[in-house]
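S.K.: All chains should be built: construct the whole structure from the sequences, respecting the hints.
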Amino acid sequence: MQTQLIRELEALLGKQAVLSSPEDLMLYEYDGSVELGSPRVIVFPSSAKDVSGIVRLANRYEVPIVGRGAGTGLSGGAIARSGGLVIAFSRMNRILEIDAANLRAVVQPGVVNLDLSRAVEHLGLFFAPDPSSQKSCTIGGNVSENSGGPHTLAYGVTTNHVTGVELVLTDGEIVRIGGRSIETSGYDLNGLLVGSEGTLALVTEITVRLMRKPEAVKTLLAVYDTLDDTTESVVSITVRAITPAACEMLDGFTLRAVEDYVHAGFPKDCAAVLLIEVEGLTEAVESQAAEITEVCREHRAREVRAARSEQERALLWRGRKEAFGAMGRISPMYYVQDGVIPRTRLPETLRRIEEISRKYDLQIGNIFHAGDGNLHPLILFDERNREQFARVVAAGGEIMRHCVEVGGALTGEHGIGMEKNELMPLIFTPDDLELMQRVRDSFNPAGRLNPGKVLPMGKACGEIRVPPTPASAAIST
Amino acid sequence: MTRPAQASLSRLEDIAGSGALLTGEAELAARAVCGMQPIAAVMASSAEQVAAILQFAAAEKLAVIPMGGRSKLGIGSSPTRYDLALDLSRMNRVLSYDPQDLTLGVEPGVRIEDLLRTLGEQKQFLPLAVPFAKRATIGGIVAANSSSPLRHAYGAVRDFCLGMEFVTGDGKQAKSGGRVVKNVTGYDLHKLLVGSLGTLGVITRVNFRTFPMPHSQGMFVASFSSAEAAFDFCRAVSHSVLTPQMVEVANPGTAALIFSGEFATRLEPRTWIVIVSAAGQPAVVQRYQRELGQLAGAAAAEDFLPLSDYEASSVMVKIQEFPRLMMERDASALIFRINAVPGLLAPLVAKLRVLAAQRELDFVALARAAGILYAAFLPPRENSAAPETLTQLIAEVYRTCGQSETQATAMLEWCPAELKNSPEIVWGPARPDFALMQRVKKSFDSQNILAPGRFAGGI
Numbered sequence: 406m407q408t409q410l411i412r413e414l415e416a417l418l419g420k421q422a423v424l425s426s427p428e429d430l431m432l433y434e435y436d437g438s439v440e441l442g443s444p445r446v447i448v449f450p451s452s453a454k455d456v457s458g459i460v461r462l463a464n465r466y467e468v469p470i471v472g473r474g475a476g477t478g479l480s481g482g483a484i485a486r487s488g489g490l491v492i493a494f495s496r497m498n499r500i501l502e503i504d505a506a507n508l509r510a511v512v513q514p515g516v517v518n519l520d521l522s523r524a525v526e527h528l529g530l531f532f533a534p535d536p537s538s539q540k541s542c543t544i545g546g547n548v549s550e551n552s553g554g555p556h557t558l559a560y561g562v563t564t565n566h567v568t569g570v571e572l573v574l575t576d577g578e579i580v581r582i583g584g585r586s587i588e589t590s591g592y593d594l595n596g597l598l599v600g601s602e603g604t605l606a607l608v609t610e611i612t613v614r615l616m617r618k619p620e621a622v623k624t625l626l627a628v629y630d631t632l633d634d635t636t637e638s639v640v641s642i643t644v645r646a647i648t649p650a651a652c653e654m655l656d657g658f659t660l661r662a663v664e665d666y667v668h669a670g671f672p673k674d675c676a677a678v679l680l681i682e683v684e685g686l687t688e689a690v691e692s693q694a695a696e697i698t699e700v701c702r703e704h705r706a707r708e709v710r711a712a713r714s715e716q717e718r719a720l721l722w723r724g725r726k727e728a729f730g731a732m733g734r735i736s737p738m739y740y741v742q743d744g745v746i747p748r749t750r751l752p753e754t755l756r757r758i759e760e761i762s763r764k765y766d767l768q769i770g771n772i773f774h775a776g777d778g779n780l781h782p783l784i785l786f787d788e789r790n791r792e793q794f795a796r797v798v799a800a801g802g803e804i805m806r807h808c809v810e811v812g813g814a815l816t817g818e819h820g821i822g823m824e825k826n827e828l829m830p831l832i833f834t835p836d837d838l839e840l841m842q843r844v845r846d847s848f849n850p851a852g853r854l855n856p857g858k859v860l861p862m863g864k865a866c867g868e869i870r871v872p873p874t875p876a877s878a879a880i881s882t
Numbered sequence: 006m007t008r009p010a011q012a013s014l015s016r017l018e019d020i021a022g023s024g025a026l027l028t029g030e031a032e033l034a035a036r037a038v039c040g041m042q043p044i045a046a047v048m049a050s051s052a053e054q055v056a057a058i059l060q061f062a063a064a065e066k067l068a069v070i071p072m073g074g075r076s077k078l079g080i081g082s083s084p085t086r087y088d089l090a091l092d093l094s095r096m097n098r099v100l101s102y103d104p105q106d107l108t109l110g111v112e113p114g115v116r117i118e119d120l121l122r123t124l125g126e127q128k129q130f131l132p133l134a135v136p137f138a139k140r141a142t143i144g145g146i147v148a149a150n151s152s153s154p155l156r157h158a159y160g161a162v163r164d165f166c167l168g169m170e171f172v173t174g175d176g177k178q179a180k181s182g183g184r185v186v187k188n189v190t191g192y193d194l195h196k197l198l199v200g201s202l203g204t205l206g207v208i209t210r211v212n213f214r215t216f217p218m219p220h221s222q223g224m225f226v227a228s229f230s231s232a233e234a235a236f237d238f239c240r241a242v243s244h245s246v247l248t249p250q251m252v253e254v255a256n257p258g259t260a261a262l263i264f265s266g267e268f269a270t271r272l273e274p275r276t277w278i279v280i281v282s283a284a285g286q287p288a289v290v291q292r293y294q295r296e297l298g299q300l301a302g303a304a305a306a307e308d309f310l311p312l313s314d315y316e317a318s319s320v321m322v323k324i325q326e327f328p329r330l331m332m333e334r335d336a337s338a339l340i341f342r343i344n345a346v347p348g349l350l351a352p353l354v355a356k357l358r359v360l361a362a363q364r365e366l367d368f369v370a371l372a373r374a375a376g377i378l379y380a381a382f383l384p385p386r387e388n389s390a391a392p393e394t395l396t397q398l399i400a401e402v403y404r405t406c407g408q409s410e411t412q413a414t415a416m417l418e419w420c421p422a423e424l425k426n427s428p429e430i431v432w433g434p435a436r437p438d439f440a441l442m443q444r445v446k447k448s449f450d451s452q453n454i455l456a457p458g459r460f461a462g463g464i
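Line by line, the protein sequences are chains H and P. Per our numbering, the first sequence starts with residue 406, numbered consecutively. Per our numbering, the second sequence starts with residue 6, numbered consecutively.
One thing to keep in mind: the hints can contain errors.
Unchecked claim - Residues from chain P that face chain H, not an exhaustive set, calculated with beta carbons under 8 angstroms: (1) GLN178; (2) ALA179; (3) ASN188; (4) GLY191; (5) THR248; (6) ASN344; (7) ILE377; (8) ALA415; (9) ARG444; (10) LYS447.
Simulated from the structure, these hints should not be mistaken for laboratory data. Ideal Cβ positions, reconstructed from N, Cα and C, are used throughout, including at glycine.
M.R.: In C-alpha cells form, the structure reads like this:
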C-alpha cells in the first residue's frame with residue numbers, strides 16, 4: 406500500500422516533488438529540538454491545490470500528515486512522530502504581494518522570515534516577529550508556532566501580525582479566514598489557528614502586517630558583576646514603565662562562549678549583560694535611553710554603553726542571535742528551555758536555576774528575553790552520556806515546574822509540540838484539556854494531522870518526554 | 006421550547022442564594038434582548054455559581070444569555086430562544102492587580118469606568134476608550150469586542166488580553182492563555198471568546214496586560230474639504246515615522262456632532278475632520294504638532310489646530326461614544342461596523358454616501374484610520390424610513406462591502422429589533438468561514454444553550 410501511495414503522490418505532484426529513499430527520509434527525521442521521528446514520504450507541494458490533493462490521498466491511505474517549514478522548531482512540532490507523510494513547504498516560497506499602501510504582505514508559507522523583511526526594506530518597512538532563527542525559519546512555521554523574538558516585547562508575537570490565512574482543512578477543502586483588514590467580523594479564527602502547531606489545518610497562504618521602521622534606534626549594553634543586579638534592573642525598567650523595544654539578558658558563562666565566537670566586544674569577566682534597545686522618534690529614544698541608563702546605574706551596572714555605529718549594533722545583536730550556535734563550541738549538545746514567568750519574579754527564578762544547576766551537576770547557560778519574562782535556560786550535555794541526559798531532562802522539568810509555581814507558563818514562543826505535551830496538566834485541568842481536544846477534533850476529527858502534539862497523550866503524565874536518543878543539537882532560537 | 010415550572014426555577018435560588026432569582030416584570034423587561042423577554046434572571050456571584058447555573062440550564066434545556074451592564078444587548082441577531090438571563094454584574098471584583106508586572110485579572114462584571122480609576126491610581130490604564138463607558142463592564146466589552154480609537158497604537162482586546170476563564174455550554178469551567186505577557190501554551194481559545202457575544206462561553210475572569218500612562222498628550226484636528234484629502238492625510242501620517250495614539254476620520258455629519266457648541270467658532274463643522282492624538286515626553290508631543298501640521302498642509306488642509314486638554318477630553322468622549330450618540334439621536338439608526346484596509350476606506354465611504362443619498366437618509370461616518378469604519382444611516386430629523394427601504398439598504402451595504410475592489414467585511418451592529426428577521430441582516434450573507442465557526446460553536450456549546458441565534462451564520 407505504501408508503494409501505491411508514493412506512486413499516486415508522484416502522479417499528482419511529479420517525481421521531483423516526492424522523496425522516499427531512506428537517505429532522503431533521514432534528513433527529515435529531526436528539527437531544532439531533541440526529538441526524532443521517521444516519516445515514510447516527503448512531498449513538496451507548489452500550491453494549495455497540491456496540498457488539498459495530498460491531504461485527500463493521505464486520507465484515503467489513512468496516514469498521518471505533518472506540515473514542515475524549515476525544521477528550525479524547538480519543540481518537535483515538525484517531527485513525524487507517528488510516521489506518515491511530511492508536507493514540506495519549501496517550494497511554496499513566493500512573496501505573492503507587497504501592499505505597501507496598506508502595510509500588508511501576502512506570502513506563501515515557505516517564505517523565509519528574514520526574506521520578507523529584506524524584500525520590504527527599501528520601502529522602510531519590516532515584518533516584526535524576529536525569532537533568532539529568522540535567517541532560515543519560515544513564516545508558515547511562525548504561524549504554526551506563534552513565534553516571537555527579541556523585538557516582540559514592543560511589537561507583539563506572530564498572532565498580532567496575521568490578518569488572514571488560507572487553509573487546507575483535513576478533508577482537503579480550501580478555505581480562507583480573516584482577510585487583509587485589521588479585523589474581520591465573526592469569531593477570531595486567526596487567533597485560534599495561529600499557534601495551533603499544525604494540528605488544526607495546513608496553512609497555504611498568509612496575509613501579514615508590515616511595520617514601519619522607526620526613525621531612531623539606540624542599542625545599550627549594560628554590564629554587571631552580579632546576576633541579581635542584572636535581574637533587578639529588568640524589574641525596575643518594567644516597574645518604571647519604560648518600554649524598550651527589546652531587553653535581552655546573557656549571563657557571563659554564555660557571554661564568554663559568544664565572545665570567543667563573535668568578537669562583539671562583550672566583557673568576558675562579568676556576571677551578565679543586558680542588551681536593551683529603544684526605538685521611535687529621536688527625542689523619545691534619547692530620553693528613554695537616559696532613563697534606562699539611570700536605572701542600570703542605580704542597580705550597580707559596571708558600565709552602560711551605547712553602540713556607536715550600525716556596525717557595532719549589528720555585532721551586538723549577532724552575539725545575541727548566534728549565542729546558541731556559539732554554545733556548540735563548548736558543548737556537544739544542549740537542551741534549550743522556554744519558560745515564562747511574571748517579570749517581577751526574575752531575580753528569584755534565576756537564583757532557582759542556579760540551584761538546579763548545582764543540584765543536578767549540570768552547566769546551564771541563560772540567554773533570554775528578560776523584558777517579557779521569557780527564559781531560555783540552556784542545559785549543556787554530551788549525548789553519549791545517557792545518565793547525564795536523564796539529569797538534563799529532570800533539571801528541565803524542575804525549571805518548568807518553578808515557572809508554573811510562580812504564575813508563569815510552559816512556553817513563551819517555542820511551542821508545546823511533543824516536548825511538553827505531557828506537561829500540559831501542570832497548567833490545565835482535565836476540563837480545560839478536554840475542551841481543547843474537542844476544538845481539535847472539530848477541525849481534525851481523525852487525528853491524522855500532526856498527531857501526538859500539543860495535547861497530552863495520556864502516558865507519562867506530567868513529565869517532559871525523554872527521547873530514547875536525542876537528535877542533533879538545535880541550530881538557534 | 007419547554008418552560009420549566011416555578012419549582013424547578015427555584016433550584017437557581019439554591020445555587021445563587023436567596024434574592025438572586027429575579028422574576029418581576031420590570032426586571033425581566035430590563036433584560037430583554039431584541040424584544041424577547043426571559044422567564045427569569047439569575048444573579049451569579051462566582052465562577053462556581055455560573056457553572057452550576059449552566060449545568061442546570063443544560064439539563065433543563067434553557068437558553069441562556071449572559072450580561073453585565075446591559076449596554077450592548079442590542080448587538081447581534083435576534084435570539085431563537087431565550088429563557089434565562091445570566092446577570093454577572095455582581096461579579097465585579099479585581100482578582101489580581103500587579104502594577105509592577107503590569108498585569109491584571111478581573112471578574113466580568115467590573116465596570117470599565119471603575120477599573121480605569123483603579124489603574125489610574127498607579128498611573129496605568131487599559132486602552133479601552135469604548136462606548137457606553139458609564140455602564141459597560143469588562144465581560145461585555147470583551148464579548149462584544151468593543152472598538153476603541155486607541156487600537157491604533159495599542160491593538161484591540163485580542164492583542165492585550167492574556168488569558169481567560171469561562172464556563173462552556175455544558176457547565177464546565179475552562180481556561181486558556183494565562184497571566185504572563187508572552188505565552189504559547191495550548192490553543193488560544195480565549196481569542197475566540199473576544200467578540201463572541203456570549204455564544205461560546207460565559208466569561209468569569211479576564212487577564213490583561215496594563216499600560217503605563219504617557220507623560221503628556223496632545224490632540225490635533227485638521228479639517229479638509231473632501232474625504233479624499235482627509236484620507237490622503239491619514240496615509241501620509243501612516244507612511245511617516247510618527248506613531249500616533251489614534252487617527253480618526255469624521256465625515257461632516259460626525260464632525261458636526263463632535264465639534265458642536267463651543268467648538269463651532271473654531272472649526273467649520275461642515276468639513277471632513279481628522280483627529281490625531283500623540284503621547285510621550287513634551288518634546289515628542291511638540292514634534293507631532295509640528296510635523297502633523299506640515300503633513301496636513303501638504304494634504305491641503307483648510308485648518309490645523311491643537312486642542313486644549315479640556316477640548317481634547319470632550320472630543321474623546323464623543324468619539325468613543327459614537328454609537329450611543331447616534332442611537333440617542335434616532336433610535337431607528339442603522340449603524341454598521343465595517344472592516345476594510347486603510348487604502349479602501351475613502352472609496353468605500355464614497356459609495357456608502359451614495360447609498361444614503363439615494364434613500365434620502367443622513368450618512369454619518371467615523372473611521373479609525375487603521376481600517377474600522379462606523380457607518381450610520383439615519384432618517385432625517387422628524388422623519389422615518391420605511392422598513393423595506395432599510396432592508397434594501399442593508400443588502401446594498403453588504404453587497405458594496407463584498408465587492409472585490411472594497412474587500413471589506415461588515416456587520417450591522419445596531420438597528421431596530423424589528424428589522425432583525427434573519428441572521429443575515431446583522432451578519433451579512435453567508436461566508437465560507439461561517440462553517441468553521443459552526444464547528445467551534447459545537448465544541449464549546451454542543452447543546453446550543455448559549456445565546457442561540459445571536460451570532461453569524463445562525464449560531
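S.K.: Next step is simple, just say for each hint if it's right about the structure.
M.R.: Cross-check of the supplied hints:
1. GLN178: 6 angstroms, holds
2. ALA179: 5 angstroms, holds
3. ASN188: Check passed: Cβ of ASN188(P) comes within 4 angstroms of chain H, closer than 8 angstroms.
4. GLY191: 6 angstroms, holds
5. THR248: 7 angstroms, holds
6. ASN344: Holds. Min distance 4 angstroms.
7. ILE377: Because about 6 angstroms separates ILE377(P) from the closest Cβ in chain H, which is inside the 8 angstroms limit, the hint holds.
8. ALA415: Cβ of ALA415(P) sits 7 angstroms from chain H, so the hint holds.
9. ARG444: Holds, about 4 angstroms.
10. LYS447: This interface hint holds because 6 angstroms falls under the 8 angstroms limit.
In summary, this structure violates none of the numbered hints.
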